[in-house]
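Peer 1: Now for the letters of each chain:
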Amino acid sequence: MAMLETRDLVIDIPGRADGRSLSLCLAPGQRWGILGPNGAGKTTLLHTLAGLHPPRAGRVYLDGAPLATLKRKMVARRLALVFQERQDGFPATVLETALIGRHPFLAPWQREGTEDLRLAREALAALAVDHLADRLVTTLSGGERQRVAIATALTQTPALWLADEPTNHLDLRHQVAVMRLLADQARRGATVVMGLHDLNLAARWCDHLLLLFPDGQHCAGPAEVMLEPRALERLYGQPLTMTRVGGAPVFVPTPDPGDPVDHDR
Amino acid sequence: MPRSSLFRALIQAVGLISLAVSARAQVCVDDDAGRRVCLEQPAERIVALSPGATELLFDAGAGERLVGAVSFSDFPPAAKALPRVGSYKRLDMEAILALKPDLVVAWISGNPDTQVQRLEELGLTVYRGEPLRFADVADTLERFSVLAGTERAGRAAADHFRDGITDLRGRYADADPVTVFYEVWEEPLMTVNGEHLISEAIRVCGGINVFADQTSLAPRIGKEAVIAKDPEAIVAGGMGEDNPEWLEPWKRFPALTAVQRDNLFFVPPSTLQRPTPQMLKGTRLLCRHLETARARR
Amino acid sequence: MPGVSGRGLAALMVLAGLGLLAVAAALAVGSVPITVTQLLAVLTGGGDPLHRELLLSLRLPRALAAFATGGLLSLAGALMQVLLRNPLADPYVLGLSGGAAVGALGAMLVGAAAFGVSGAAFAGALLSTLLVFGLAQGVGGWSPTRLLLTGVVVAAGWSAVVTFLLTLSPADQLPGMLYWLMGDLSYARSPLPAWLVLVPALLATLPLGRTLNVLARGPLQAAALGVAVRPLEITVYVLASLLTAVAVTTAGSVGFVGLVVPHMLRLLLGNDQRLILPASVLAGGALLTLADTLARTLLAPEQLPVGVITALLGVPTFLFLLYRSR
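Residue numbers (my numbering), protein chains in the order written: chain A, 90 to 354; chain B, 242 to 538; chain C, 8 to 333.
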């Protein structure tokens, strides 16, 4: 169980006014979606929540303790961050990559044991990349690399997931698989926070939403309250049309009379 | 007497006089590059492009005619006061031209060839030198004295040098050979091959240079190679004029003949490592050292 | 060995064997022929006095100095490559050898003794390290790119000063200076300082291996996995600089070993720093010992610069491995 809390938090985006400070409580079992247009600060907020980016003001608390005072290793045992951008540096295999998720749990002289290996293999299987275990990461497709990154976070067995665009590069089937996996993590008591650009994924898979406006304003709350078309239109600066598919809300941009539309299809 | 014949006689007279003047004044020598170097009259303003050439010019009696030298031209002491025209490997062309020399003495293996050629293209007279043998040292003294119009001093210096070497040659012609390792530099360890002037000095003294058969003029060798040759005498120059510190490290090898007999000798580098008349002094000292080595058998 | 798999351990054993062979070869060959029986006699405490002297005060110290220098340079190279996350990094990439060269050549120019030359080289290397680190710090804190750029520019500055010093130098000093610049084991007086730094440094880096694996994925990912990135980077930078400074002080700037040995091993053994770091020490040591033995015997009594041999041995091997790799 892990509780992440922000008090009067202002994320540090150079050249942007403070806006309204953020005081939120992210509880175990919740699935949070962070929505906002490009440049609203979704990634910066996730990095700030993970303690990788110092806030301009305010604090982040992990299980009641200020994040900045905790040792990185202790933080890493509780919290995993799936990055949007990845650096491969030197070539490594898929299995080696997943295994680094065990790093926070091992002493400097310790080698990964059978239990660590089992966790890594299970994570690779859960993301359906176990058949690639011996391949070099650099030889994989974008979608495969994304799944390896999520498998690495899964190997880390976090109580708190911070996932920046977890469905990046994924086809529809794998998008659904990954969202199901994260929902399953939440069901087992993890806190899941996702930065998403796809409103419909958020609408379908998140129970809480945080809307980030480019001017530093925000609003947050349960998904059913937040999925208010007027607010979302203001968020994206784009007229939206809402419909429902199987009970879940689906948003599409309202066509402009000038847009090219092929009505014969 | 018709006017025309008088005029003709006048012209002839003038012609004869000018011919006589030029015949007396024009001087020519062959340099070490095999070219003929001629001056309309003995040089008054000479620039020397190597420390060795500066020294030779002083010995040839032309020191007062030197107007420029390169860096490190420190012998004789008067050379230190000469205006500098760069280093021997990078000549200051403007400084050389500004001195308006009527003779430039270049060093074949030391100066950049293109710069020396450029000096010639700019109208300067260039003598190219490279004394490789004792005979060349004496010849060079004579040639410089011809070019500078100081024949008497030059011939005397050349004769003194030749006689000195001939004397040494005669004295040690039948002496028992002594194997010699000559240390030019300690780090890296360097010696000379048989082509080098220092090797000739060793021969004159009845010595045998143990690395005479090497291909490069100043080969870099390993300590172990010296031990393998086990020379009877080790002779070293040094960083300074009276600094025999390079000999010390050899004492760590008591198995060496030269160490057992204490045949570790110092010769001031300036008397043996520059192709100048100073070599007579250095060679004499070297010969004495080798005599000492013979006496310790 | 901590954190090294069975296969890795086998690789280390093979490399250690190669290292021993290289040292044995360095002891066995030279201008004075010494038979294996004579060699064994000396090693067991007897033998001919000349042979004792040759082996114990010439060949053995030199072989040990070569091994340690190779090990120091390879370890420093492997660390720099991870630190800068740049496969082109070598121990000298941040201008350290230039600083050392300016120190050494300056000392030679004023006629300092061998000890003074080593001291000045070491001081120059440290000065360069501090200079690059201080400048890369800048106003906004340092990043690998900024460190690399600062180092490369500082190195260019040093190389200009080196050229300047060479221009100022008298003719008889030049060969010594050029050999120093090319790297040369004949400058090594005692192998002891190099070993005294190499062994503790290796022991200190072994527990860092897995952390460095994580760092190779980038500083953010490493921080997310619990690595204290900045302290680690500073430690690695200081350590690699110290290793390089000692290597340069021992033998001048021997090129190539620090760049290529870690890469060869990565191509052969994968990219686990826990294995690559100790393997680099062994392979770098073996390569430089072998190269130095060849350099002093190939055209004996003439001595070749060891850098020529390391490149001639290393370049084809490396290109072959690279060509074969995926």
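It should be emphasised that the hints constitute simulated quantities derived from the structure, not laboratory data. Beta carbons: idealized from backbone N, C-alpha and C, even for Gly. Do not rely on the hints blindly, as some may be mistaken.
Claimed, not checked - Listed next, the in silico DMTMM-like pairs over lysine to aspartate or glutamate satisfying Cα-Cα at most 25 angstroms (straight line):
#, chain 1, residue 1, chain 2, residue 2
1, B, Lys341, B, Asp315
2, B, Lys470, B, Asp408
3, B, Lys341, C, Glu309
4, B, Lys330, C, Asp55
5, B, Lys321, C, Glu60
6, B, Lys522, B, Glu361
7, B, Lys470, C, Asp55
8, B, Lys522, B, Glu281
9, B, Lys341, B, Asp417
10, B, Lys522, B, Glu436
11, B, Lys341, B, Glu361
12, B, Lys330, C, Glu60
13, B, Lys341, B, Asp377
14, B, Lys470, B, Asp454
15, A, Lys162, A, Asp107
16, B, Lys492, C, Glu309
17, B, Lys470, B, Glu427
18, B, Lys522, C, Asp179
19, B, Lys470, B, Glu489
20, B, Lys522, B, Glu532
21, B, Lys470, C, Glu309
22, B, Lys492, B, Glu427
23, B, Lys321, C, Asp179
24, B, Lys341, B, Glu427
25, B, Lys330, B, Glu428
Unchecked claim - To spell it out: a stretch of chain C is covered by chain B in this simulated footprint if at least three of its residues, at any positions, have a beta carbon under 8 angstroms from a beta carbon of chain B; those stretches are:
#, segment
26, 177–184
27, 283–291
Peer 1: For lysine 341 of chain B and glutamate 309 of chain C, compute the direct alpha-carbon distance and say whether it is at most 25 angstroms.
Peer 2: Distance of about 45 angstroms is beyond 25 angstroms: violated.
Peer 1: Straight-line Cα separation of lysine 341 of chain B and glutamate 427 of chain B no greater than 25 angstroms?
Peer 2: 41 angstroms, violated
Peer 1: Would you check the hint for lysine 492 of chain B and glutamate 427 of chain B, treating anything up to 25 angstroms between C-alpha atoms as holding?
Peer 2: Holds, at roughly 14 angstroms.
Peer 1: Does the structure keep lysine 341 of chain B and glutamate 361 of chain B at a Cα separation of 25 angstroms or less?
Peer 2: The given pair, whose Cα atoms are some 13 angstroms apart, holds under the 25 angstroms limit.
Peer 1: Are lysine 470 of chain B and aspartate 454 of chain B close enough, with their CA atoms no more than 25 angstroms apart?
Peer 2: 12 angstroms, holds
Peer 1: Run the distance test for lysine 341 of chain B versus aspartate 377 of chain B: straight-line Cα separation, threshold 25 angstroms.
Peer 2: 28 angstroms, violated
Peer 1: Does the alpha-carbon distance linking lysine 522 of chain B and glutamate 532 of chain B stay inside the 25 angstroms limit?
Peer 2: 15 angstroms, holds
Peer 1: Does the structure keep lysine 162 of chain A and aspartate 107 of chain A at a Cα separation of 25 angstroms or less?
Peer 2: 30 angstroms, violated
Peer 1: Sort out whether aspartate 408 of chain B lies within 25 angstroms of lysine 470 of chain B, counting only the CA atoms.
Peer 2: 30 angstroms, violated
Peer 1: Can you confirm whether the C-alpha distance between lysine 321 of chain B and glutamate 60 of chain C stays at or below 25 angstroms?
Peer 2: 46 angstroms, violated
Peer 1: Is the straight-line distance between the alpha-carbon of lysine 330 of chain B and that of glutamate 60 of chain C 25 angstroms or less?
Peer 2: This hinted pair is violated, its Cα atoms lying about 42 angstroms apart.
Peer 1: Holds or violated: lysine 470 of chain B with glutamate 427 of chain B, Cα cutoff 25 angstroms?
Peer 2: Holds - the C-alpha atoms of glutamate 427 of chain B and lysine 470 of chain B are around 17 angstroms apart, at most 25 angstroms.
Checked against the numbered hints above, the structure breaks hints 2, 3, 4, 5, 6, 8, 9, 12, 13, 15, 24, 27 and satisfies the rest.
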